[in-house]
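Just add 41 to the spot in the sequence shown (first one is 1) and you have the working numbering.
To be clear, the hints were calculated from the coordinates, so they are not data collected in a lab. Heads up, a few of these hints could be off.
Listed next, the in silico EDC-like pairs over lysine to aspartate or glutamate satisfying Cα-Cα at most 20 Å (straight line) [to be verified]:
no. : residue 1 : residue 2
1   : Lys58     : Asp130
2   : Lys54     : Asp113
3   : Lys60     : Glu81
4   : Lys158    : Asp134
5   : Lys102    : Glu57
6   : Lys60     : Asp134
7   : Lys89     : Glu57
8   : Lys102    : Asp133
9   : Lys58     : Glu71
10  : Lys102    : Glu159
11  : Lys60     : Asp154
12  : Lys54     : Glu71
13  : Lys58     : Asp113
14  : Lys102    : Glu55
15  : Lys158    : Glu181
16  : Lys89     : Asp134
17  : Lys102    : Asp113
18  : Lys79     : Asp123
19  : Lys102    : Asp123
20  : Lys89     : Glu48
21  : Lys79     : Asp61
Derived DEER-like restraints, expressed as beta-carbon distance ranges [to be verified]:
no. : residue 1 : residue 2 : range
22  : Leu160    : Ser45     : 39 to 49 Å
23  : Thr50     : Leu160    : 32 to 42 Å
24  : Ser150    : Lys60     : 43 to 53 Å
25  : Tyr127    : Tyr147    : 19 to 29 Å
26  : Ile44     : Tyr151    : 19 to 29 Å
27  : Asp154    : Ser67     : 36 to 46 Å
28  : Arg125    : Lys158    : 16 to 26 Å
29  : Leu160    : Gly75     : 47 to 57 Å
30  : Ile86     : His140    : 16 to 26 Å
31  : Tyr147    : Met42     : 29 to 39 Å
Just so it is clear, CB atoms sit at the ideal spot from N, CA and C, and this is done for glycine as well.
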Amino acid sequence: MNISVPEGTIIIKEGEKNKDLHKIVSGNVEIYTGYGTKNECLLGILSKGNFVGELGFFTQKPSVYTAVTYNDCIIYRIPILDMRRYLLDNIDDAIMLMHNMADSVYSISYMIDHMQKELNEFNNVNKSENTIIARDMAKEMTKQILKYNMGLTRAVSEFNLKT
């Protein structure tokens with residue numbers, strides 16, 4: 042069902058389960074972590090044709106981001122009870138959803154591998170008793186952890202900036 046959603050409306054809230062899948066028919070939707078807090082981070086902007094919240098929808102786990110309409114949007118809302126029929130009737134969308142989720146798994150695996158390498162480097166330096174270098178690396182690791190956390194969040198959906 043198509044619904045009109047005004048600018049600035051929260052469609053999905055970080056930490057909450059979403060019972061509907063949303064496809065953007067027109068307009069743009071911003072994706073944030075920490076929305077409304079001092080740690081707010083804009084991860085990307087979705088536009089026409091993108092889905093919002095597919096990972097949380099299919100897993101029925103809390104959302105890892107908040108989705109907010111950037112401008113007035115038309116959103117096609119797909120309730121969980123209608124999903125089977127929607128996928129059967131819209132095979133291209135079903136394939137796109139599978140692609141997005143497979144891409145998410147790959148991205149997460151890639152980021153975990155890099156995080157493990159950086160943690161190993163940190164542990165090796167920390168053992169050398171060079172506390173100044175270890176302290177600097179700890180600060181850098183904190184930045185990297187935040188970066189990877191944002192990357193993991195970004196991996197749950199394809200972020201395309203289109204106008």
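Here is what the structure says about each hint:
no. : hint                          : in the structure
1   : Lys58 <-> Asp130              : violated, 25 Å
2   : Lys54 <-> Asp113              : holds, 18 Å
3   : Lys60 <-> Glu81               : violated, 24 Å
4   : Lys158 <-> Asp134             : violated, 36 Å
5   : Lys102 <-> Glu57              : holds, 8 Å
6   : Lys60 <-> Asp134              : holds, 18 Å
7   : Lys89 <-> Glu57               : violated, 24 Å
8   : Lys102 <-> Asp133             : violated, 25 Å
9   : Lys58 <-> Glu71               : holds, 18 Å
10  : Lys102 <-> Glu159             : violated, 29 Å
11  : Lys60 <-> Asp154              : violated, 32 Å
12  : Lys54 <-> Glu71               : holds, 12 Å
13  : Lys58 <-> Asp113              : violated, 23 Å
14  : Lys102 <-> Glu55              : holds, 11 Å
15  : Lys158 <-> Glu181             : holds, 14 Å
16  : Lys89 <-> Asp134              : holds, 13 Å
17  : Lys102 <-> Asp113             : violated, 27 Å
18  : Lys79 <-> Asp123              : violated, 38 Å
19  : Lys102 <-> Asp123             : holds, 19 Å
20  : Lys89 <-> Glu48               : holds, 15 Å
21  : Lys79 <-> Asp61               : violated, 28 Å
22  : Leu160 <-> Ser45: 39 to 49 Å  : holds, 47 Å
23  : Thr50 <-> Leu160: 32 to 42 Å  : holds, 40 Å
24  : Ser150 <-> Lys60: 43 to 53 Å  : violated, 29 Å
25  : Tyr127 <-> Tyr147: 19 to 29 Å : holds, 25 Å
26  : Ile44 <-> Tyr151: 19 to 29 Å  : violated, 36 Å
27  : Asp154 <-> Ser67: 36 to 46 Å  : holds, 38 Å
28  : Arg125 <-> Lys158: 16 to 26 Å : violated, 42 Å
29  : Leu160 <-> Gly75: 47 to 57 Å  : violated, 24 Å
30  : Ile86 <-> His140: 16 to 26 Å  : holds, 20 Å
31  : Tyr147 <-> Met42: 29 to 39 Å  : holds, 33 Å
Violated hints, listed in ascending order, are 1, 3, 4, 7, 8, 10, 11, 13, 17, 18, 21, 24, 26, 28, 29; each of the other numbered hints is respected by the structure.
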